[in-house]
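Reminder that position 406 of the sequence shown reads as 1030 in our numbering, one-by-one numbering, no gaps.
I should point out that these hints are in silico values taken from the structure, not numbers from a laboratory. Predicted model only: the values in this text are computed from it and were never measured. Heads up, some of the hints might be wrong.
Unchecked claim - For lysine to aspartate or glutamate, the following EDC-like pairs were computed, each having C-alpha atoms within a straight-line distance of at most 20 Å:
| id | residue 1 | residue 2 |
| --- | --- | --- |
| 1 | 1046 | 1036 |
| 2 | 705 | 668 |
| 3 | 910 | 936 |
| 4 | 1138 | 1116 |
| 5 | 965 | 994 |
| 6 | 869 | 850 |
| 7 | 705 | 955 |
| 8 | 910 | 1016 |
| 9 | 869 | 847 |
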Amino acid sequence: MLLVLDNCEHVLNDVNAVVRDFAMLAPGVQILATSTIALGVGGEIRWLCPVLDTADAVELLVARARSAGAILDAGDPNLAKACSMLDRLPLAIELVAPRLRAWTPEQLCARLTQHPRATGRAAPGTPERHRSMRALVEWSVQLLDEQQATLFRRLAVFRGSYDLESIVEVCGFDPLDPLDVDVLVADLVDHSLLRVRDDGGIRRYNLLRPIRDHAVGSLGEAESMELHSRLHRRLVAVFSDCSEKVHGPRQVEAMARFDLVLDDLRTILGPLSPVDARDRAELILKAGPYLLSAGYLNGPRSALLSAMEGAESDQKPGLLVLLARVESALDRPDLAVRAGKAALEALGSEVPPATRAEALLVTADPRSGELSPSQRLQMLDDAQDLAVQAGEAHLLAEILGSRQWALDDVGDPIGALASGEKAVSLSEQIGDIALHSLLLDGISHSYCTQGQNERAVSAAAEGLRLARQVGRRPLIGRLLGTHANALALVGDAAAAQDSAADALAIAIETGDSKLEGNARCYLAEAHLAGGAFDEALLVMLERSVDKNDSADPRKELMAAMITGWAATGANRPHVAIEALKLGLGFIQEVPGLRTRLAELGAVTAGLVSDYRLSARLLGMTSLFPEPGSAESAELTQVRAAALEALGQDEFDRQFALAQDLPVEVVLAELSEMVAGEVMA
């Protein structure tokens, strides 16, 4: 026989007596009791009811919504998002499900974001404690004594999970004795209000969202101020020596530990935080290296702008440098340069050389049009000297990596390769896995430029392995694209397509439009390597051209040329011309790629049998030869056709005219001629 006793927590003493009587008088009876608090009788076996997994939570939400008359697509990703926002609690899901008669799943998620307590109410006739999540939590909180209720209320200051040490340090003040907090924590776990899990031998705790929402509403203003102040001090201690930890050999372990307090960091740095500007500035400066390495950027950017309004003068240069790094990571190079310039202006004459070196580094962003390539290179040379003087190995590796791109932009690919190799070697020595992976990405590109394609494949593969070890999706996507590029150059078109497709999938998954644009370029190059010109052209025509002021000229120029090569292979010269026009818009900022643009023009002219222009553009490719490069099959073919059509003397004459004509003039002439043919 099975006896079921439901909701026993409010009548524990009576239930205990009943269970003991049955144990003595009817030992064959099995008893199943539900309660938020254990009965505490002999022979009791406790089983904690887990929250639903995502699939079961969505299934419950869909079933209850449809039974209430809602029409919805069970595959809508916002359903899983809504369940997650409700911590996949069955009662919360059942309460909110009828709302889907009036709201879309997306609107439900928006409502839960703006009004976390908007979980609906149950139908008439439902027991009072089950009519809303608030009623259910109040039902449980009424069972707490005064000290338990105080700790429960104070735990609302934490948004993420937390260990016992943090609870004692942040919540253990009058009227609570810090020495009693550990016992009170155990009491809240016993009352099923506080969840606990094991994390590598350390117990971590958290309140489920609907339960935390109730606790937040119970906090007074003065108590909230004190809790936030204590949490701020706790986080400042957690992020002490953050740069050394994040950039050192135990980087992965450090990042994992910092990830655990990310939600609390957002609380203190958020717009509703009662912590003053100077304290927020102190915290964000300490946590900055972690936020940059982890890729958490949009929130910190807003926090930086807010903190600077009330920060002390001695904090502002550091805040501006960090802001410049955030803007750069968000692909806003012009804003990064402006913040870097402001940092340089704010620095006094007595600042440490490392601080000035970092300000110079962020100001010399190679993607910005604020400075000329030569000006950027000079800044990086000065930054390199200062970093050496300061003995800052990590900063020096970053500067050498940035110099690689700057040297490439001024047409010095050999110097670029040398600087990149030094950066890679140094980052390996200091043990910064993420930086080493990023620099391997850069050196792979330099190897490609020098025709060292097998080394490019190896460098990209090693960078990809390390990126996966770090576990940062955008970095993995970037290395997948670079690996695809190198594989295409060695002729492994199938592997290149797979790698580029994986990069594109990550870009779409993470909503990274920059990565998506780059991944499409790499996928098109992989198709080109396999001779699939139409497929390559289709991929590129689906790519959005970045015409913003923050567009990376190098990437946009390369994208234009890939489109052009796909168009020439597909015998569509008018599309190639449009690609050349786009490329011309960026050539002044990346003069080192003039040769490649002229090569594309020469082949395009050959498609429409204008061998006079082909010869001129071939002459331009000879003016800026790339060391170690070999003439492509397309160029060899068009050279032979031009010689046959023009004869040696006329070919040589047109070839020599390249000495006096800018590439823009010749390509404009080609554009007009092709446009005329299309109209005809």
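Checked hints:
{"no.": "1", "hint": "1046 / 1036", "verdict": "holds, 16 Å"}
{"no.": "2", "hint": "705 / 668", "verdict": "violated, 37 Å"}
{"no.": "3", "hint": "910 / 936", "verdict": "holds, 15 Å"}
{"no.": "4", "hint": "1138 / 1116", "verdict": "violated, 25 Å"}
{"no.": "5", "hint": "965 / 994", "verdict": "holds, 10 Å"}
{"no.": "6", "hint": "869 / 850", "verdict": "violated, 29 Å"}
{"no.": "7", "hint": "705 / 955", "verdict": "violated, 28 Å"}
{"no.": "8", "hint": "910 / 1016", "verdict": "holds, 17 Å"}
{"no.": "9", "hint": "869 / 847", "verdict": "violated, 33 Å"}
Consistency with the previously given hints fails for numbers 2, 4, 6, 7 and 9, ordered from lowest to highest.
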